[in-house]
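Visitor: This is what each chain is made of:
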Amino acid sequence: MTDTINVQAAADKFLSVVGRPLATWAEACVKCGLCAEACHFYQATKDPKYTPAYKILPIAKAHKARTGFLGMLGLAPKITEKDLKDWEELIFDTCNMCGRCTLVCPMGIDIASITGATRAAMASAGIGPADLFAAAENSRDRGSPLGLSPEKLEDRLEWLADDNEIELPLDKKGAEVLLTVSSIEMMKYPDSIVSMAKLLNHAGVNWTFSKKGYEATNFGYLSGKSDIAKMMTMRIVEAAEELGVKAVIIPECGHAYGVMRWQAANVIGRPLPFEVWHITEYLAKLKREGKFEFKPYTTPFTYHDPCQISRRGGAAADARYLMEGFMTDFHEMAPTGNSNWCCGGGGGVQAIARSAPIRYQVFKIKTDQVAKAGVETLVSSCANCRLTMDEAKAATKWTGGLDSIVEILASHLITKDDD
Amino acid sequence: MDLLDFARGPAINVAMAVLVFGVLWRLFALLFLGKPVDRTIPRLGTPGPFWAGLREIGRRMLPHPTFATAERFAFFNGWVFHVGLAIVVFGFRPHILFIKNLTGLSWPALPSGVIYAVGAITALSLIAALVKRITSPVQRFISTFDDYFTWVVTIAPVLTGLAAVGHVGARYETLLAIHILSIAVLLIWLPFGKLFHAFLVFLSRGQTGAFLARRGV
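Here the protein sequences come in this chain order: A and B. Residues 155 to 573, numbered by my numbering, are exactly what the first sequence covers, in order. Residues 62 to 278, numbered by my numbering, are exactly what the second sequence covers, in order.
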């Protein structure tokens, strides 16, 4: 949190972002409390303050102060510095914007959208976790939250290409597909990058990376810093437009997909002149076209649906289609698909160090799900989920295994060398 | 003018005017806010916003399958007092006569005995809702004045109505006047408190349905 808190800036931001949808949701809550049943932070702690409906209060208060009956007369209470400070933890540290509470709400209130708008207001006021803000500023100044500058990207791609004897095209003229990266993968799970490339190369896709627009994660959005969100979006849009590609592929990263697929056109104010695919969607398309054959993967496993890809992305079926036929010992966890429990680290929460203890508590929900599924391996398609669970696994000494669907696909691909 | 004349006359007329003005005010306030244009490309094969919204309005009438156990009490009890209130309001002969005088519309009434039974069940259901609110740590924590005041103005017409038909505690005319005044309070409060969810439920569910359907969820 920064030292100077500009409450008026927050009030103004609330006013500017609250259109009809947010206002309707902010006014509609009947306080039934059912959303607590859906929230992993409440379920892990049983602390009522984590009830998602409680997160509506700042935006509802700010909205009423400007537009309600009493607000018109100047009699409604206004948003205060104390409100912003009191809700900081609830809005940033303990909401992944996973949308599970939206499923259960009888009024259909989308609290994830409310949280996104409240983060923007709080960031305007200068309130928010310093490390999350630093990740956003790193993205703005150095190209990525983890300092993956264009030069470092080029270096690492060269190293990965040499090390794996694979072609990793960069700024290739005439490419039809732009592949982006999550810097989490590049720094921590580079095999995921190589795996995507291996699969795309095998399928004969004419693709490339770009030094201009490579970072798929958008910490501007996650931190509520709208200017940085737009800048990060524009880097990919401009890169794609310069290259003239038909499609942009988002790697194994849930929020990156959500921002680019379901928000970017609104952020830049015009439709995108290219398609946006999550890597699992794109690989499923290639599989449907008959581009892949896989060797059997016989490890008993379950699949963790990343919230932004399944529940809020509509792509739950593609991941299952990809696994179909060769990942033979698949056990769905319960609940699964669009109802699956969140990893606890999405929405930028993974980047907030002080949230680690509660993330580890949330991880217990996931390990219980895995145990009930009767397996020891948890596969996902989001590097952020994987990182969140990897850290929690180490902290809680969980003995199960974590894996990436793309890496499994690549390592089981039948190639010419197998003939 | 005695109390009953006041209740039947100025009180209920003012309440109706406040209700209509307040509801229109809040609805226009929301509609005038404007809806941002969504420039993203909808997932192929998904329904348009109107049908998706309609589907969502219907779908959320029942618990989500994943949360069926958690939602059991809220949905069952919620259905009981919502349907109970509707039966009492629209099925009782004096209420139908009142609506006929106001709008010219009428329909057959339910037997009075049925109405009394439904009224009693509705009151018990509302009491159960309050007990749940007070005893649930989550609901108690998130509840505000609006939640408790709304409960009072909702159960008051049910209890005063039952008292009036049962001639309990005072002269019938006095009980009837109190009953009508309690309805006036409810009508006046409806646009300002959470009773306005009677309108917002359609807008909120509808827009969420459109929002999710666009993504193919």
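The set of hints was computed from the structure by calculation and includes no laboratory data. This one's a predicted model, so the numbers in the text were calculated from it and none came from an experiment. Treat the hints with care, as some may be off.
[Claimed, not checked] Computed far set for chain B versus chain A, every beta-carbon distance over 12 Å:
#1 L92
#2 P97
#3 P155
#4 N162
#5 S204
[Unchecked claim] The calculated label-pair distances, taken between Cβ atoms and stated as ranges, are:
#6 A:I422 / B:F93: 20 to 28 Å
#7 A:E319 / B:T130: 18 to 26 Å
#8 B:L115 / A:E291: 43 to 51 Å
#9 B:R133 / A:A525: 19 to 27 Å
#10 B:A131 / A:G528: 19 to 27 Å
#11 B:F82 / A:E291: 16 to 24 Å
A virtual CB, placed ideally from N, CA and C, is assigned to each residue, including glycine.
Visitor: All the hints need checking, so say for each whether the structure fits it.
Guide: Hints versus structure:
Remark: the non-interface label on L92 (chain B) conflicts with the geometry, its nearest Cβ contact in chain A lying 7 Å away (cut-off 12 Å). For P97 (chain B), the condition that its CB be more than 12 Å from all CB atoms of chain A is violated, with the nearest at approximately 5 Å. For P155 (chain B), the condition that its CB be more than 12 Å from all CB atoms of chain A holds, with the nearest at approximately 29 Å. Every CB of chain A lies more than 12 Å from the CB of N162 (chain B), the least distance being 30 Å, so the non-interface label holds.
Remark: the non-interface label on S204 (chain B) conflicts with the geometry, its nearest Cβ contact in chain A lying 5 Å away (cut-off 12 Å). Restraint check, I422 (chain A) to F93 (chain B): a C-beta distance of roughly 26 Å satisfies the suggested window 20 to 28 Å. Taking 18 to 26 Å as the suggested C-beta distance range, the pair E319 (chain A) and T130 (chain B) does not conform, at roughly 54 Å. The given range of 43 to 51 Å is respected by L115 (chain B) and E291 (chain A), whose C-beta atoms sit roughly 44 Å from each other.
For the pair R133 (chain B) and A525 (chain A), the supplied restraint of 19 to 27 Å holds, since their beta-carbon distance comes to about 26 Å. Between A131 (chain B) and G528 (chain A) the beta carbons are some 24 Å apart, a value that agrees with the proposed interval 19 to 27 Å. Taken as a hint, the range 16 to 24 Å is violated for the pair F82 (chain B) and E291 (chain A), whose Cβ atoms sit roughly 49 Å apart.
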